[in-house]
Amino acid sequence: MRLTVNGAQHHLVGLDPRTTLLDVLRERLHLTGAKKGCDHGQCGACTVLLDGRRVNSCLILAITQPDARVTTVEGLGHRGEPHPVQQGFLEHDGFQCGYCTPGQICSAVGMLDEVAQGWPSAVTESDSEDLLADAEIRERMSGNLCRCGAYPNMVPAIREAAGR
Amino acid sequence: MTNTLSRAVGSPLARLEGPAKVSGAARYAAEYPQDQMAYAWIVPSPVPRGRLDAVLTDPAEEDDVLVVLWHGNAPHLEKSDDPELAVLQSDRIAYRGQPVALVVARTLEGARRAAQVVQLDITAEDHDVELRADHPDLHTPDEVVPGVPADTATGDVDAALATAPATVDVTYSTPALHNNPMEPHATIARWDGEDLVLYDSNQHPSGIAKTLGTVFGLPAERVHVIAEHIGGGFGSKGSARPNAVLAAMGSWVTGRPVQLALPRQAMFSMVGHRAPTVQRIRIGASLDGELTAIDHESWTQTSRLFEFVESPGVVTRSMYPVPNLRTSHRVVPLDVPTPRWMRGPGEAPGMVALECALDELAIRLDLDPVELRARSANPGYLSCLRRGAERFGWSGRDNRPRQRREGDWWIGTGMAGATYPANAMPSTARVRALGHDGYEVAIGAADLGTGARTILAQIAADELGVPVDDVHIRIGDSTLPVASVAGGSSGSASWGWAVTGACRALRESGDDEATFDTTELVGKMPTDRHAYGAHFAEVRVDAVTGEVRVSRLFGMYDTGRILNPRTARSQFIGGMVMGIGMALHEESVLDPALGAWVNHDLAEYHIPAHADVEQIDAEWLDEPAADLNPMGAKGIGEIGIVGSPAAIVNAVWHATGVRIRDLPVRLDKLLPSL
Chain A
1 MRLTVNGAQH HLVGLDPRTT LLDVLRERLH LTGAKKGCDH GQCGACTVLL
51 DGRRVNSCLI LAITQPDARV TTVEGLGHRG EPHPVQQGFL EHDGFQCGYC
101 TPGQICSAVG MLDEVAQGWP SAVTESDSED LLADAEIRER MSGNLCRCGA
151 YPNMVPAIRE AAGR
Chain B
1001 MTNTLSRAVG SPLARLEGPA KVSGAARYAA EYPQDQMAYA WIVPSPVPRG
1051 RLDAVLTDPA EEDDVLVVLW HGNAPHLEKS DDPELAVLQS DRIAYRGQPV
1101 ALVVARTLEG ARRAAQVVQL DITAEDHDVE LRADHPDLHT PDEVVPGVPA
1151 DTATGDVDAA LATAPATVDV TYSTPALHNN PMEPHATIAR WDGEDLVLYD
1201 SNQHPSGIAK TLGTVFGLPA ERVHVIAEHI GGGFGSKGSA RPNAVLAAMG
1251 SWVTGRPVQL ALPRQAMFSM VGHRAPTVQR IRIGASLDGE LTAIDHESWT
1301 QTSRLFEFVE SPGVVTRSMY PVPNLRTSHR VVPLDVPTPR WMRGPGEAPG
1351 MVALECALDE LAIRLDLDPV ELRARSANPG YLSCLRRGAE RFGWSGRDNR
1401 PRQRREGDWW IGTGMAGATY PANAMPSTAR VRALGHDGYE VAIGAADLGT
1451 GARTILAQIA ADELGVPVDD VHIRIGDSTL PVASVAGGSS GSASWGWAVT
1501 GACRALRESG DDEATFDTTE LVGKMPTDRH AYGAHFAEVR VDAVTGEVRV
1551 SRLFGMYDTG RILNPRTARS QFIGGMVMGI GMALHEESVL DPALGAWVNH
1601 DLAEYHIPAH ADVEQIDAEW LDEPAADLNP MGAKGIGEIG IVGSPAAIVN
1651 AVWHATGVRI RDLPVRLDKL LPSL
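Protein sequence lines correspond, in order, to chains A and B.
In terms of the working numbering, the first sequence is residues 1 to 164.
In terms of the working numbering, the second sequence is residues 1001 to 1674.
Treat the hints with care, since some could be wrong.
Cβ-Cβ distance ranges computed for the label pairs, FRET-style [what the hints assert, rightly or not]:
| hint | chain 1 | residue 1 | chain 2 | residue 2 | range |
| --- | --- | --- | --- | --- | --- |
| 1 | B | Pro1075 | A | His11 | 37 to 43 Å |
| 2 | B | Leu1434 | A | Gly163 | 40 to 46 Å |
| 3 | B | Arg1391 | A | His11 | 57 to 63 Å |
Facing chain B, according to a computed beta carbon distance under 10 Å, are these residues of chain A, among others [stated by the list, open to error]:
| hint | residue |
| --- | --- |
| 4 | Pro17 |
| 5 | Leu31 |
| 6 | Cys38 |
| 7 | Cys100 |
| 8 | Ile105 |
| 9 | Trp119 |
| 10 | Pro120 |
| 11 | Asp127 |
| 12 | Ala133 |
| 13 | Ala135 |
| 14 | Arg140 |
| 15 | Cys148 |
| 16 | Asn153 |
| 17 | Pro156 |
What the hints contain is simulated information worked out from the structure, not anything from laboratory work.
What you are looking at is a predicted structure, and each value in this text was computed from that prediction instead of being measured.
Note that beta-carbon positions come from the ideal geometry of N, C-alpha and C, so glycine has one too.
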């Protein structure tokens, strides 16, 4: 099957049908930016963008995604020029151990796109004007766990990346 | 020293590995590609106690499987000081989840499947997994940690309590808690001839090389442990865990590099946890708040394999000067996984009991909780109390509970003291002049996300009198000079001391290379010194649902000189976030019938998520402790979780009038009284 990851096309031969997208990325393509924290869709460390939307790559069997376009943390930004979310995480010390960080960053990129499209969250009220208020960012990012407790630094990092 | 101008230390330098971490380039243990790598998967015991008689492999899986190891066919291992590492050596099962077999297969999917369908022939035995304060097998341990006695007594506690004008006599309990670093324990093992190479996620490369050497009958220098980046540990990676031994064993037998990454569920059994505690605390005081007596008793559990004693009473021995003081620890071995260190071991649960009991005393005496503590506080702690109260906006607090209501929310504030010992351990560092390329500083330290790499570069830059960019730090490798564990909040003091010594030796000698061992100096440092702090919390409690939210959490710390305010703040607030988890969310529930942690994953073991953390901040006095080490630093990695849970529990009482003495504060415990 074919898989396009960060713009590069890969032909995967002899793929075990049980293989998750996360394990294809990590074990076959050696793109280890996507992390395995729980393998059950509970922690968000494996978050990547699949056709532009954030997904838990540990919950997706690779063979179900022929011709998909995947963006991992390695595909964000350019050489010497980080993506604004990556830059925000650097400036605000939005991480410590760094293991949840690629997932947080991919999730934030996907989330900002959802906000740009006007998607509500669980805390959005009918009269909400700012979909990137702190409470909104926290709610929208709650699928990505961080055991180091760097959340308070991620919120301004994400807000600034959105240009607020 | 010609360079007295400190330029780098104290500046908010961004962590050096930041660009690698945000781009996915930073490599963790399971991320080093190997030729012909095989994958291992552990078969955990499905019973908490019994005997394993045989292991039968499903023939349908044979295409994928290279070997299934169990005690019937596993290589012999040498004994180490940790019986947990004698994996696949005996038919005895000591806890549910203990590794009883290891599948090594060509693919990850094959290993996982084969491990699921392996048949275990087990003779199960009756088990006992329930901690009770009246358990008949409770005993007094020889020590709670090496050199620290289980029991202490000064003065006449019983007489002082009997005559004290005011007393509290309360029992607090804390649940089992699991460290759950985001990166599960993982190892890639490879044998290069007779030498063992381990890419392993751990807090102590030097120590793990030594331990694995013992287990495999090799000198430490024949074991090469690489731990460049570590996805958190919080104590659970402080010493070798079964994953490292099993991966090395699998590699030895198959002749291939073997990757063993634990699934999250296994993180609840074989890598340690904070044991549950029951603590009875009695305090006697004069009517104006002078503490006259404290009796702090605690009960906890350990496994049948290894006696690890969670020691909540130790913190009470130094927190407040009390003329009549007694502390005691009792432990019972049960058919449960072995508890180990978890951030603030002893201190975190101990300060729940002590600081919540003091809150209860303040209420009884009609004293402000800050004022009660201020009467017994040393100067550093007192400054934290005063400045913390000021920064938080404590003054003017109505000390009566259940007075402030906004809509459906009861609102209240609470506070608690904090402390952690100022530790240092012997370490060795080496520095080399590289000519135009600057200097290489090498030490077998580990950066779990603490910022160790960064502060060591700052320390070296100042000692060498060069910009930080000229310093190249090498850590995370056991072939570098021997370093102490990244634990006990001791990394900066221990490694920074060695780096300082090596840099000074280089400058003084004029040579191109210098090495410095701190063993002698560390042996002379004072051992009774502590960091202090004060935590302040504001909570709101939903009167209808019992939901508790931490609206504000603030920590003020006396932790010596702060080497890097940016990474230090992250450590403080990170500890406080874990304190929110301890107060409100986290508990591992052991089913007495199955002997299993029933909530053994991140959907059911609740660590704080983004939405749980609102306003949180930390500040510090930044007064160097010059007599401790050349940097004047005290550790900061753990103090954030010490006392912050008590501040939240006390705030819940102030908001609602409901005193919860059994952590975590769940809504079902609050609701009947709201």
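Hints, verified against the model:
no., hint, in the structure
1, Pro1075/B with His11/A: 37 to 43 Å, "40 Å, holds"
2, Leu1434/B with Gly163/A: 40 to 46 Å, "42 Å, holds"
3, Arg1391/B with His11/A: 57 to 63 Å, "60 Å, holds"
4, Pro17, "9 Å, holds"
5, Leu31, "7 Å, holds"
6, Cys38, "4 Å, holds"
7, Cys100, "5 Å, holds"
8, Ile105, "6 Å, holds"
9, Trp119, "17 Å, violated"
10, Pro120, "15 Å, violated"
11, Asp127, "17 Å, violated"
12, Ala133, "12 Å, violated"
13, Ala135, "8 Å, holds"
14, Arg140, "8 Å, holds"
15, Cys148, "5 Å, holds"
16, Asn153, "7 Å, holds"
17, Pro156, "12 Å, violated"
When the structure is compared with the earlier hints, violations turn up for hints 9, 10, 11, 12, 17 and for no others.
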